[in-house]
Amino acid sequence: MSDELLEGYARAILRALEDPDLQEALHTYVPGSEERVRRFLESRPDIVQLAREVKAIKEYSIAHMDELIDEAMRSLKSVNAVPHYAADAREARELALSLVGRGKVVVMSKSMTAEELGIREALEEAGNEVWETDLGQLLVQLEGGKPMHSIAPAIHMTVARVAQLLRDRLGLDVSPSDAPQQMVAKVREFLRSKFVSADVGISGGNALAAREGALLLVENEGNIRMVTNLPRLHIAFVGVEKLVPTMLDAFKVILVQAAFAGLYPPTYVSLIAGPSSTGDIGHRRVYGAHGPVEVHVVLVDHGRRAAAKDVVLREQLRCIRCGYCQFVCPVWGQVANNWGGSTYGGPMGVNWTAITEGVDRGAALAMLCLGCGRCDVACPVEIPISGILADLKRRFTSSL
Amino acid sequence: MGGGGSGRLLFTGALYQLVPYIEGTVELLRSLERAEGVSWAALRAARVASRRLDLSLLVRPDPELVEWSRRVLRSMARLLLASGAEFDYVPELSDMYSGALLRDYGMAEAFRRHAERVVRAVRSAGYEELIVVDPHTMDTVTRGYQEVLGEGLRAVNYMELVRPTARRGLAATVHDSCVYARKLGIVDRPRELLREAGVNVTEVSRSGRWTYCCGGPLEALLPSLAQAVAATRVRELAGAGDTAITMCPICYVNLRRASRSSGVPIRLLDLAEVIGGE
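Residue numbers (the numbering used here), protein chains in the order written: chain V, 1 to 400; chain R, 1 to 278.
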């Protein structure tokens, strides 16, 4: 079985190496991104120091995961959000279906966790109209593929490919010679109509403060604010590794995440602690003002708690998904997340595949790691990414 | 050089000598990689590649590379002698393979057995310290053996012991080895040696701790991917100048092949060739 898995993954890589659009996109964009982040970090030792604090925060959080889950469940209730717990992807999808129902319009902000759980596909199958609203993720949805990077999901697409998708799949009047600004304006118009008619907004979460029950989301496009504010119902899917003790800790996490993703300062940060409310009429608190009337937060395990007990894989749970390790990885730089499982790819993504899809899949993918260690140098929270990959290689070969 | 009781053994780990065979093997694997109806047997190939004797039955070594590896090793030995370093060279010990590839491919048990064999041979011959000449051997006999045996061999890199014997009017960029730069922290020393030898060192943006991989570790498993990584690096190095200096035989052979196949010309020299004057 392992040999077959490895063969399948290797063949996907060989196909990606022969895809001219992918090669053009990666070789044009990636080296500059790597250097831009490196130069920024060299100029900001305070951010590098903050990253060390985040490492300690995440280490504590992973070691106290079960306590933080209990605390978050209580604090979410205390802010009138509705907490849920999903042990696996199936439970998460069932929750989504029970909360959303059928025949609804759903807008989603980009969430690797929701992608991992198959939330969009499950809702579509149940007869809902579902739209990704992050531009890159919308393109991935239109293409029917998978995100190629945790922050830049459509990095594999050329401008011509983007124009083709927008024209063919959304009927937008765009051409490859249009400036990106013109394309963005047309997508904005399209998505506006979905935002205002949406019944449900679905998001992920960059960090969740267990003490306050506050969810933090960071972005540049402004779509997350729309997704989490306009519909009457907001559902957030949050991996349990995103839990940290306090709101201040959560802020530190998102600032470091944004910086190492090359997006500093982030344009928008959303803090959501329960549904919107007002007390302006008769001094009585009423839920559902301009924002959602209901906020549901689904804490998702799907392999994470087991990984927390694995002496090697647990270190990957510190990951804040900045994607910097992907930008610096020579293999990712050639084939993007085609070196990866069904959702996650690249150095951290192979380890996440082991956590969420099973060690056998992650271990087969790990065999295609160069072991060069650039990912280790890049990681803001000092995860020994290549060491985890090396351990997965050992598990692969010992299974033969 | 042999058996003089210096307590310090020159240990090549056979990696420079292995390189001409790797070149031929990779060409063999590349044809297998894409062949229709051929069972994809990369791991078996990797096992083969880790056993020099079997390998020699399969492929013919490139004579140009054979000469290159001999030339580099001669330069290293001469540099050590010129620096007054005391060491022994005992062929059956000095050229034992370190097991680096077994470790790279996660073959933990085979690597542990091999490590035991090397350590036993070195210790029973009375050697306390090795002089190593390439990054993979250095990392393997120290950290690698430590991981599986609880105790690594003591090793010093030849670069720490030598001074240049040649003066060069040369402008060149440095291709750091990933293992030297990131795992062993060896970044400054090769540059010091090159400057002492009169080399005008220019830097590519991805150098030192941020050096870019030559693709080598995947050459036995997925040669096309290794080649794509190497081609990216060759383009980058060629952008910084027409000469690049390597310090690992795996880097040398991969970048050399990538330069030829991608049509991006670059002159590659091993550090020892440059500072040793050969």
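These aren't lab readings, by the way, just hints derived from the structure by calculation. Just so you know, these numbers come straight off a predicted model, no measurement behind them. You may find that some hints are simply not true.
[As the list claims (entries may be wrong)] Taking lysine to any residue and the SDA-like style, the derived pairs with C-alpha atoms no more than 20 Å apart in a straight line are:
#1 V/K186 / V/P176
#2 R/K183 / V/D376
#3 V/K309 / V/G358
#4 V/K55 / V/R314
#5 V/K309 / V/P45
#6 V/K77 / V/R232
#7 R/K183 / R/G126
#8 V/K194 / V/E124
#9 V/K55 / V/P45
#10 R/K183 / V/V312
#11 V/K55 / V/V311
#12 R/K183 / V/V377
#13 V/K104 / V/D88
#14 R/K183 / V/G171
#15 R/K183 / V/G387
#16 V/K55 / V/E382
#17 R/K183 / V/P384
#18 V/K77 / V/G358
Review point. Do the alpha carbons of R/K183 and R/G126 lie within 20 Å of each other, as the hint requires?
Key: Given pair R/K183, R/G126 is violated - Cα atoms ~28 Å apart, limit 20 Å.
**Study point:** Straight-line alpha-carbon gap R/K183 to V/G387, limit 20 Å
**Key:** Measuring from Cα to Cα gives roughly 11 Å; hence the hint holds.
Check your understanding: Within a Cα-Cα threshold of 20 Å, do V/K55 and V/P45 meet the stated pairing?
Key -> holds, 15 Å
Point to revise | Given hint V/P45 paired with V/K309 - CA-CA distance at most 20 Å | key: violated, 33 Å
**Study point:** Given hint V/P384 paired with R/K183 - CA-CA distance at most 20 Å
**Key:** The hint holds at about 12 Å.
Exercise for review: Compare the distance between the alpha carbons of R/K183 and V/D376 with 20 Å, and conclude whether the hinted pair is satisfied.
Suggested key: Holds, at roughly 10 Å.
Check your understanding: Do the alpha carbons of R/K183 and V/V312 lie within 20 Å of each other, as the hint requires?
Key -> holds, 19 Å
Point to revise | 20 Å Cα cutoff - pair R/K183, V/G171 | key: This hinted pair is violated, its Cα atoms lying about 52 Å apart.
Check your understanding: Quick one, are V/K55 and V/E382 close enough, alpha carbons at most 20 Å?
Key -> Holds - the C-alpha atoms of V/E382 and V/K55 are around 7 Å apart, at most 20 Å.
Check your understanding: Taken at face value, is the distance from the CA of V/R314 to the CA of V/K55 at most 20 Å?
Key -> holds, 13 Å
Point to revise | Hint consistency between V/K104 and V/D88 [alpha-carbon to alpha-carbon, up to 20 Å] | key: At roughly 24 Å apart (the allowed maximum being 20 Å), V/D88 and V/K104 break the hint.
Review point. Given the proposed pairing of V/K186 with V/P176, does the C-alpha separation stay at or below 20 Å?
Key: holds, 14 Å
In this structure, the earlier hints numbered 5, 7, 13, 14 and 18 are contradicted, and the remaining ones agree with it.
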